[in-house]
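J.: Letter by letter, the chains look like this.
Number of protein chains: 4
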Amino acid sequence: MKVFLFAASLRQGSYNKKLIRIAAEHVRGLPFCEVDLCEFNDFPMPMYDGDLESSKGIPEGVQKLAQKIQMADAIIISSPEYNGSIPGTLKNALDWVSRIKPLPVAKKQFLLIGASPGALGGIRGNIHARTPFHILGTYLYPEYFGLAKADTAFDDKEQLLDPKQDERLKGLLTEFLHYASRKETPFETLSEFVEEKIQTPKK
Amino acid sequence: MKVFLFAASLRQGSYNKKLIRIAAEHVRGLPFCEVDLCEFNDFPMPMYDGDLESSKGIPEGVQKLAQKIQMADAIIISSPEYNGSIPGTLKNALDWVSRIKPLPVAKKQFLLIGASPGALGGIRGNIHARTPFHILGTYLYPEYFGLAKADTAFDDKEQLLDPKQDERLKGLLTEFLHYASRKETPFETLSEFVEEKIQTPKK
Amino acid sequence: MKVFLFAASLRQGSYNKKLIRIAAEHVRGLPFCEVDLCEFNDFPMPMYDGDLESSKGIPEGVQKLAQKIQMADAIIISSPEYNGSIPGTLKNALDWVSRIKPLPVAKKQFLLIGASPGALGGIRGNIHARTPFHILGTYLYPEYFGLAKADTAFDDKEQLLDPKQDERLKGLLTEFLHYASRKETPFETLSEFVEEKIQTPKK
Amino acid sequence: MKVFLFAASLRQGSYNKKLIRIAAEHVRGLPFCEVDLCEFNDFPMPMYDGDLESSKGIPEGVQKLAQKIQMADAIIISSPEYNGSIPGTLKNALDWVSRIKPLPVAKKQFLLIGASPGALGGIRGNIHARTPFHILGTYLYPEYFGLAKADTAFDDKEQLLDPKQDERLKGLLTEFLHYASRKETPFETLSEFVEEKIQTPKK
Numbered sequence: 000m001k002v003f004l005f006a007a008s009l010r011q012g013s014y015n016k017k018l019i020r021i022a023a024e025h026v027r028g029l030p031f032c033e034v035d036l037c038e039f040n041d042f043p044m045p046m047y048d049g050d051l052e053s054s055k056g057i058p059e060g061v062q063k064l065a066q067k068i069q070m071a072d073a074i075i076i077s078s079p080e081y082n083g084s085i086p087g088t089l090k091n092a093l094d095w096v097s098r099i100k101p102l103p104v105a106k107k108q109f110l111l112i113g114a115s116p117g118a119l120g121g122i123r124g125n126i127h128a129r130t131p132f133h134i135l136g137t138y139l140y141p142e143y144f145g146l147a148k149a150d151t152a153f154d155d156k157e158q159l160l161d162p163k164q165d166e167r168l169k170g171l172l173t174e175f176l177h178y179a180s181r182k183e184t185p186f187e188t189l190s191e192f193v194e195e196k197i198q199t200p201k202k
Numbered sequence: 000m001k002v003f004l005f006a007a008s009l010r011q012g013s014y015n016k017k018l019i020r021i022a023a024e025h026v027r028g029l030p031f032c033e034v035d036l037c038e039f040n041d042f043p044m045p046m047y048d049g050d051l052e053s054s055k056g057i058p059e060g061v062q063k064l065a066q067k068i069q070m071a072d073a074i075i076i077s078s079p080e081y082n083g084s085i086p087g088t089l090k091n092a093l094d095w096v097s098r099i100k101p102l103p104v105a106k107k108q109f110l111l112i113g114a115s116p117g118a119l120g121g122i123r124g125n126i127h128a129r130t131p132f133h134i135l136g137t138y139l140y141p142e143y144f145g146l147a148k149a150d151t152a153f154d155d156k157e158q159l160l161d162p163k164q165d166e167r168l169k170g171l172l173t174e175f176l177h178y179a180s181r182k183e184t185p186f187e188t189l190s191e192f193v194e195e196k197i198q199t200p201k202k
Numbered sequence: 000m001k002v003f004l005f006a007a008s009l010r011q012g013s014y015n016k017k018l019i020r021i022a023a024e025h026v027r028g029l030p031f032c033e034v035d036l037c038e039f040n041d042f043p044m045p046m047y048d049g050d051l052e053s054s055k056g057i058p059e060g061v062q063k064l065a066q067k068i069q070m071a072d073a074i075i076i077s078s079p080e081y082n083g084s085i086p087g088t089l090k091n092a093l094d095w096v097s098r099i100k101p102l103p104v105a106k107k108q109f110l111l112i113g114a115s116p117g118a119l120g121g122i123r124g125n126i127h128a129r130t131p132f133h134i135l136g137t138y139l140y141p142e143y144f145g146l147a148k149a150d151t152a153f154d155d156k157e158q159l160l161d162p163k164q165d166e167r168l169k170g171l172l173t174e175f176l177h178y179a180s181r182k183e184t185p186f187e188t189l190s191e192f193v194e195e196k197i198q199t200p201k202k
Numbered sequence: 000m001k002v003f004l005f006a007a008s009l010r011q012g013s014y015n016k017k018l019i020r021i022a023a024e025h026v027r028g029l030p031f032c033e034v035d036l037c038e039f040n041d042f043p044m045p046m047y048d049g050d051l052e053s054s055k056g057i058p059e060g061v062q063k064l065a066q067k068i069q070m071a072d073a074i075i076i077s078s079p080e081y082n083g084s085i086p087g088t089l090k091n092a093l094d095w096v097s098r099i100k101p102l103p104v105a106k107k108q109f110l111l112i113g114a115s116p117g118a119l120g121g122i123r124g125n126i127h128a129r130t131p132f133h134i135l136g137t138y139l140y141p142e143y144f145g146l147a148k149a150d151t152a153f154d155d156k157e158q159l160l161d162p163k164q165d166e167r168l169k170g171l172l173t174e175f176l177h178y179a180s181r182k183e184t185p186f187e188t189l190s191e192f193v194e195e196k197i198q199t200p201k202k
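Residue numbers (numbering that gives the first Met the number 0), protein chains in the order written: chain A, 0 to 202; chain B, 0 to 202; chain C, 0 to 202; chain D, 0 to 202.
So that you can see chain A by itself, here it is in the shape it has in the complex (with noise of 0.2 angstroms):
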């Protein structure tokens, strides 16, 4: 299974970098799991302008992007929360990509985590941000990890200090994994599988 992740922010220091390279730490350890981990630096892109995209088309770091999303089966993305709300700058990177068609992100298995030096983890910013990826058809895992008080969350390896906070995290991504990786059944042969599984008693 590919799993493509990165964080959404651009500063070199950022908590999130920090936390997105622990998480792929923990995606590595899962035996069926491929890890892509990129910077966002390394989609260079500016601001969506119509003009821009007319007279030069879809600019080469969305064109990355949007492939390395296209050919990952899941999308791990720890985002800062600014200002209550998703960063300009990973909306912006979504509004360019969804000018590709088909949509590069519909139908993916999305995982947002983050990280904030604030106390409440960017959970703010979590829930603006599902808006444009519901809109975008993406499957977006309803559970969120955000670390709070990120500015003294980390070892001086980069390790979360808490050993619960970890656990946690390697919990959920191995749940969202586990959930993305889910087997599509043909069509036609849903009915019998359906019938094994209603004759199954529940738990």
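What the hints contain is simulated information worked out from the structure, not anything from laboratory work.
Quick caveat, the model's predicted, so the values are computed rather than measured.
Fair warning: there could be bad hints in the mix.
Copies of the same chain look alike in the list, so a pair counts if it fits in one copy or across any two.
Claimed, not checked - For lysine-lysine, the following DSSO-like pairs were computed, each having C-alpha atoms within a straight-line distance of at most 27 angstroms:
#, residue 1, residue 2
1, K169, K100
2, K169, K156
3, K100, K163
4, K163, K106
5, K1, K182
6, K17, K156
7, K55, K67
8, K55, K156
9, K106, K156
10, K55, K17
11, K100, K55
12, K182, K67
Fit chains B, C and D to the supplied structure of chain A, relying on the hints for placement.
T.: The following block gives chains B, C and D in isolation, referenced to the frame of chain A:
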């Protein structure tokens, strides 16, 4: 596959009741689905009151609704939009149901559809309703079917006048139920499954 | 200035009832304010049902609530957060009130505050609750006071233990009511007023 | 009264640029208003990057935009909807501006309008855009003017074809600016003012 459906409206002539009956018919037509169509009125409940809960426990109507959800593999709700947002009645039902642990709605596949006499087809209400559903840990399908101008959308046999709308509804229901029926692979065998998936070239 | 206050909770020991009583005390201390403090329980109402409305009209509890709002210059509601969003009970009250025309809440000055036993102080619920308030045309104040860990925030005289919290609450109430009391200038004299304002150098 | 207006679109032929020019004309017609109409392109800025901010400070385009907002009594933005939500470009501008302290947008009167080629007139984008505006402490007017099917809504003189739409836009602008021009009463004299207001019987 057990599919539980209801319209989040108490009014007998409700457009959402008409729409959910049409939806139930379509689901019945899928060979792998068992339909459980109820009325919101089948689950009478008071407004949420912590004192009531302490003295008398969870009301019977709430328990019945929770059980229906618990037993279903997929839940489809047709909800009106009240004041650009989730009806208080539906939110009240969610609030009550959320008092039962483990959460009956968590990790359940949900689809929201809706009908409205207005021109927007209840799209604002749908966006607003999504938040408590995702916070409660449901797998809420990203797509939405909104029937605009619902007061003139049905014929005298309570079918949709516009065959394109009907086709679009049917398509969404099928797509949703196909998604909801994906098989969970036991964790220990995931590596094999995924290997196979990665080796298969993508179209 | 008439200020109407209530907590959107029915439970007698509700943290929000405690908080709104403290808020009412602060408002009473402002020389220009008349306080009307009620309990949500004073406005009993069923869940919204269009058939009920057709057969029996707007319930008495709703009419009473609407009248209180209508007569107030400013309305302050302390609301719990249920499942990361507006309580169904409060939304149901808004839905009922919105059936009265002209809308009793439109162009009214509102402030939302809230108390929650959790660490987030009901901030998610506040964000979610804002949508129907703005769609109903209220002037909803942008700031929010959220009391986190409300189960340990009050002393045995039902005052806030933390004087900084109390100061912050009082500051917000004063600021809100100052804003809400701004005088409307008759349209025809606006040009003079504004001229004067433009000529006055800004600090 | 100084009114600052711009369309949150970079494209030259943008429907929102057309709409904001019409809005500016209406505002010019109000005797008490000074119009400052700009283009979003007048405020070039990179995507927000904390490292850039540390090394080079706030970009000039951001400073200029912040100053325009700071000097205005009311701000009107015509914003497109991108993917059912706030454009990344507009959010990015807010994110940059929010780095300037004190917040230039706080306690400022804002109105959002919008144009969209779709049938919904950008209403979803407007709802989504409201959250960062209220979190940043703006007084965001509750009403919205959304121009649907914007690709066929203008005549060849770039006026609105439908006089009712034009009337509705003008009405909203006037109402908003009347509200925004309310006089703040010095705190110490509030009691007298309010007394007078309370004694005046309401209609």
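J.: So which hints don't hold here, by number, going up?
T.: Of the numbered hints, 8 and 9 do not hold.
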